[in-house]
Every structure is written in C-alpha cells, then in structure tokens.
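Novice: One letter stands for each residue in the lines below.
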Amino acid sequence: MTENLFDNFIKDKLSNHESYVPQNLWDKIVAEKEIKKKPLPFWKNGYFKGIILALIVTGLISSTIFISTNYSLVSNSTKNQIIKSTTNVIEATKTTNESTSKNSLISVDKNINNIKSPKDNKIGSSANEDNNERSITTENSKETSIAKINSIHSISKRALKSSLVKKEHTIPNRIINAPTAYNDNNGGGDENVSESKSLLSKEKATINSARSFAKTTKQMQHSATPNSENNALLASRDVKESNQKPNISESYKDNISTSIVENKFEKGNIISSDKNVLQLKDINKTLSSENKNTTTIHLPDTKRKGWYVELYASPDIDTKQINSNGLSNNYLQKQDSATKSFAGITAGFRISKTISNHFLIKSGIQFKESAERFRYLKQTDIKNVTVLTTRSYTDNSGTTVYQTDSSVVQQSSVVVKTVFNTYKSLEIPLIGSWESNFKKLHWAVSGGAILNLATYYEGQTFDNTLNVVPLGATQTNGLFKSNANVSLYGSVSLLYNVGNSIDAFAEPYYRYGLSNSSNSSIGYNQRFNSAGINFGLRYKIPTLKSIK
Amino acid sequence: MCLYQLFVSILKYLYHLSDYELIKGCIEQNPQTQRMLFELYAGKFMTVCLRYAIDSMEAEDMLQEGFVRIFNNLHQFKFEGSFEGWMRRIVVNVCLKHLQRRKIQFKEIDIENNNEPQLSPYAYSNLGADELMKLINQLPEGYKAVFNLNVIEGYSHDEIAELLGIQASTSRSQLVKARRLLQEQIIKLEKIAV
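The listed protein sequences correspond, in order, to chains Y and Z.
Under our numbering, think of the first position of the first sequence as 76, with each following residue one higher.
Under our numbering, think of the first position of the second sequence as 436, with each following residue one higher.
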C-alpha cells in the first residue's frame, strides 16, 4: 500500500467528520464574548495611549524648537545690534576725526560727559535742567536705536549701507556746529550750549547703544577701521585694549577718558574748565548702569523663574494595610497571607510654576500600576470512594466466617492557584516644592497630595466568606472603590543641569494613603502606601519675553 | 460531495444565507447569525480539536477559544479562498497554541533502519471515523500533531516546521513514524477482529 493511498483514506474519513458538541458550549462562547465586549477603561484604550504619547512627543519637540528658535533669535538680533553699533562707533570715530578740530572732539566728549553725569552741579541750574532733558533724550534715543536695529534686521545689507552713507553725511554737520556753540557758551550763550549738547546727545545715545555689544564691536572695528585713516584714533585704542582688557566697556571708558585727557592739554581747550570735565569715576558709574540696561534686553532668561515641564517614571514598592471592619482576625490573616505585593511603576508629567525665587507649585497627570500576587487553594475534584474490607475468622466449631465491611471515603484534590492582581490608577499630583541650588546642582523638598481620578482592578480576591471573587471594581460586587482616593506625598529631589533649560532629576518619594480603597461592605479596610524614586527630565519652557 | 456539505448547503438555503450574508451578520454582532455559524461548523471543528487535544475537556476549550477568535477576527476575512478553510486555520492555530503550552518534545528519529509494516487496503477500509480518531489519539503527542497537520490539514513540512518551531526534517521523520505506528495499530486491530 502506498503512503498516499493511506493518507487519502485518513483525510477522507476525518476531514469532514463531525463530533459531538456539548450543548452548553455556545453559552460559554457567549459569556466569553460578553466579557471581552466590556469597554476597556479609557487609559487602556489604544487611542488614549496614542494621544498621550503624541502630546508628550509634541511637547518635547515644541520645547526643543522654542529653545533653538530663542537662541537663533537672540544671536540674530545680537548680530544686527553689533552691525549697527559698529556702524555707530565707526561713524562717531569718523565724525570726531573728520572734524580734525580738537575742539569739536572735546565738545563731543564734553557733551557726553554732561549727559552722563546728571548729578554734576557745577554747570549750574540751567545745565541741570538740560541734563534732565538730555537723560530723557538719551533714553528715547536708545529706544529709537533699538527700533532701528530691529528695522535693520529686516532690510538687506544694501539698505544698511545706504543708511550708513546717509549718517556719514549728517553727523559731521552737527559736529561742526558743536564747537561753535560751545565756544559761544563760553562767551556766555547757554542756549547754544544746550542746542549743541542736545544734538550731540543723540550721537551719544547712538554710541551708548553700540557699547552694549562690545566684544564683537571690537573685532568689527578692527576689520573696518584699518583702511581708514580717520578711524586711527579709535582703532589704535581698541588694538591696545584688545591686548590688555577684553571688556569693551572698559575699552570704551578708556576711549572717552583718553580723549578727555588728551584734549585737556591741547591749546585752547575749553574743556580745561573743571565744570564740564567728567571724572573717570562718574564715567564708570554711568557705564555700569548703562550696561545693566542694555544686557537685559535680548539675552535668554537664565534665572529660575517661569514654567517647567517634568517628565518622569518611577519604579515603586507598594505596601498594603488591612484593618478589620467587622471581620475576624483569622480572616484578615488568611487574606494577608494570600497576597504579596510586587513592584509597581509610576509615570507621568507635571507642569511647574515658580511662585517665588525658591518656591514652585506642580501639577500634572500620572499613571500608576501596582501588581500583587494572590495565591489560594482551589478544590478541583471530590470523589466518594467506597472501601470494602473483608475479614475472616474461624469460630470454635471450626467454621470460617467472612465478614465484609463497607465504608465511604471522600477524596478531594486541591490545586494551588496563583493569580496576579493589578491595580491601575490615573492620578493628579498637587505638589508644592521648595528649591535651592549650589552651582549646577539643585535640590528640592516637595510635599503635597495625590488625587486619584480612576482606578481599575484586575484579578481575584476573597470575599468576606473566603470565596474567590473577581477583584474588579466594575464587577457587580464592587469590593473596591474606583476613584476618590487621596494620598499624601513627600519627596526630596536632586536636580542636575544637563543642558540649556534641561535638568535631570532623581526624586525619592513616599506616599501615604489617606483614604481606604475598599468599600465598607467588604468587612475590612484596605489602603496602600508606596515608596519609589522618580527619574526624569525637567524642561524650562521659554518665555515670550526671552523669545522677543 | 459529502453529506456534511449537503447539510450545510441545505441549512444555508433554508435560511436564505450566503457566506457573505453569514459573515456580514456575524460582523454586525447579530446573535442569531453567530449562533447559526456555530451550529454549522461546531461539529466539524470539534473533530479538529479532538485530534489535537488530550481529552474532550481540552477540545471544548480549544473550540470555545477558536470560535471567539473567529467572531473577533471575522472582519479581517477578505473573501479570498474558502471561508471554512479560513475558520479551520484559526481553529488549528488555537490547537497549536495549546500544544505549545504543553511543550511537546519532538525527537528526530532515524527512519532508515525501521521496516515498514505491510498493510493491505482491505485492513482499514472498514474502519470508521471514530475508530480512526481513537487510533490517532493514541499516537504520541509529537507524532499526532505532525500527522494531523500534514495528512489531514494539508500543511507542508516547511509550514509545519514553522508552526511548531521544529526542523522540516524532524517533521518528516515524525510523520513517517506516526504513519508506521498507526498502521501497526490498524494491523493489531485487524488481528483482534479476526
């Protein structure tokens, strides 16, 4: 017989053979279908998981883009300001040199000094009034200068060049007028002095704006000035300063003071009168205050203030507390010995807001899952076995008697069943945190409450008669609450700055359950405490101010 | 065409149902249609399950799980090929899953040295399906699985190897051994009958 014949025979016989199907099988299938039909809790839903994941990813990407955009904006605006300030410095230098008159240079410096030292009472009452006006003018000029910088940012280099050419034509005229006005002033004409000062104050304001971006200015001055003899004065000073003092403020101070000193000893130098000479001390003060004003405009906010996003995950260990609420201690012992807690996990995100320099409030959403082993003995089969015992004995007459006794023995078999119960919760943390730092290392102490939004139970447990029942809060018996639990939360955090606006942190914590998770009908009170360590990252959300 | 197929066709005719309507009704969770599908195919698939299961209890579990899977995945049926074949494949997969839980050992057997018993077609022609089922169920687990998959379900050795996680050569050797054992049992049965 060939194999094929045999195989075909078997196949023909069995492929369409029908066997007996128990009648209750369909009912079992319907019951199983019904169980599977039950809607999943929303956090088990794939769409929900996807949305949460998408939100987290979007948040991360947005933060990264914001941070990078912020720095590119800052660098762009800084570049523009540098270009503008360089232009202004070059213009000022050109102006002073083009005039070739020492008097005009002195008058420029003098007027600058007057503006910079409003407290100088030696000029007289009219001079004081002028100083106040000039201070305002200076501030306005700064704003105008910033506005110009921003406008220049949007135009092409060609437009920038044309504006430079225009300035080169306008500024010398004003400067040329200045010495005359100043000379007139010495002759007793205060009004002319005021005019000349106000004209020069604008130039001064432009120079001030240039000073705030000093380092690059120096470099650009080097590149711009060597070909121009007119810029020799400033260029030579800058070369010296670049070798000696890297700070542009310092170099600028030296420029001014040097020009004052140099001009003071020129013939016919009217600035030799002590009234209008600015002391180096005053210049330093003024420059330091000027620098404060200018540096806070565009640089990114590095202080600990604003909003943060924290992403974290934690392995944690849960402990269960069971207290009697009408049931015997024997029952509680059995219940307790049947269960053993396993490690859980917590993950979520929080938004933090600084309230003061050290205090933050945090809130967000987190998912917690705890596992528990439930082990019990299940009686699988009971058999009644009849045991027949036959005994024989011989009486005195020699007759052998057989006696048969019957007894019934009940045999039962048990199986140790192990079920892993899971408790899944969606929670809202409400936390206050006090934070301080030492260099890059921050530390914080936090405390607050964790509100339970919803809990989903899976598994089995004993009811109050030690029968095994489903654990689920959504089941008909509803042994446990599905929400409204509150826990107290306390933690100590260590944060380390790992990059721009990013901190990595580790946060050991302890949670103490305030309310019971069990319903009163169950006969005992059950609450959970847990401990763990949150590991995560904290991003500082860039503020609109810093982006501008 | 066997009696079973005739029976199914009559039922469908009586209910004025085509495969398409049957599937559509089941996808729409119509309990009556689902029940009808169960009634139509349960006996046949029970045979499949019994061939893989240790006992009837396990076979029931397999069938139950198989039908739940069929109902849950019915929307994935693309009307390419036989609907019954598609369902049978699901049921077989469920059976194999149960086999995997039992962790059957498949040992490679040297088949060259064994002599094949001589079995005449007359010896088994009178065997009924139930008797054959009993004989197949007496085969060792590994032999039984490979024999069922290859001879009755029509899987190739490569497919069996993939399904059971074994080598194709192991599948071949298991099949030869299974066939030989089954034939020996049939011969024994014949001797007893005589």
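It is possible that part of the hints are untrue.
As the list claims (entries may be wrong) - Interface residues of chain Y toward chain Z, partial, derived using beta-carbon atoms under 7 Å: (1) 90; (2) 92; (3) 93; (4) 96; (5) 102; (6) 104; (7) 608.
Derived by calculation from the structure, the hints in this document are not laboratory data.
Note that beta-carbon positions come from the ideal geometry of N, C-alpha and C, so glycine has one too.
Novice: Give a verdict on every hint.
Specialist: Here is how each hint holds up against the structure:
1. 90: Nearest chain Z Cβ about 6 Å off; hint holds.
2. 92: 4 Å, holds
3. 93: With Cβ-Cβ at 3 Å, under 7 Å, it holds.
4. 96: For residue 96 (chain Y), the interface hint holds, since the closest Cβ of chain Z sits about 4 Å away, which is under 7 Å.
5. 102: 10 Å, violated
6. 104: At 5 Å from the nearest chain Z Cβ, residue 104 (chain Y) passes the 7 Å test, so the hint holds.
7. 608: Because about 37 Å separates residue 608 (chain Y) from the closest Cβ in chain Z, which is outside the 7 Å limit, the hint is violated.
Of the numbered hints listed earlier, those contradicted by the structure are 5 and 7.
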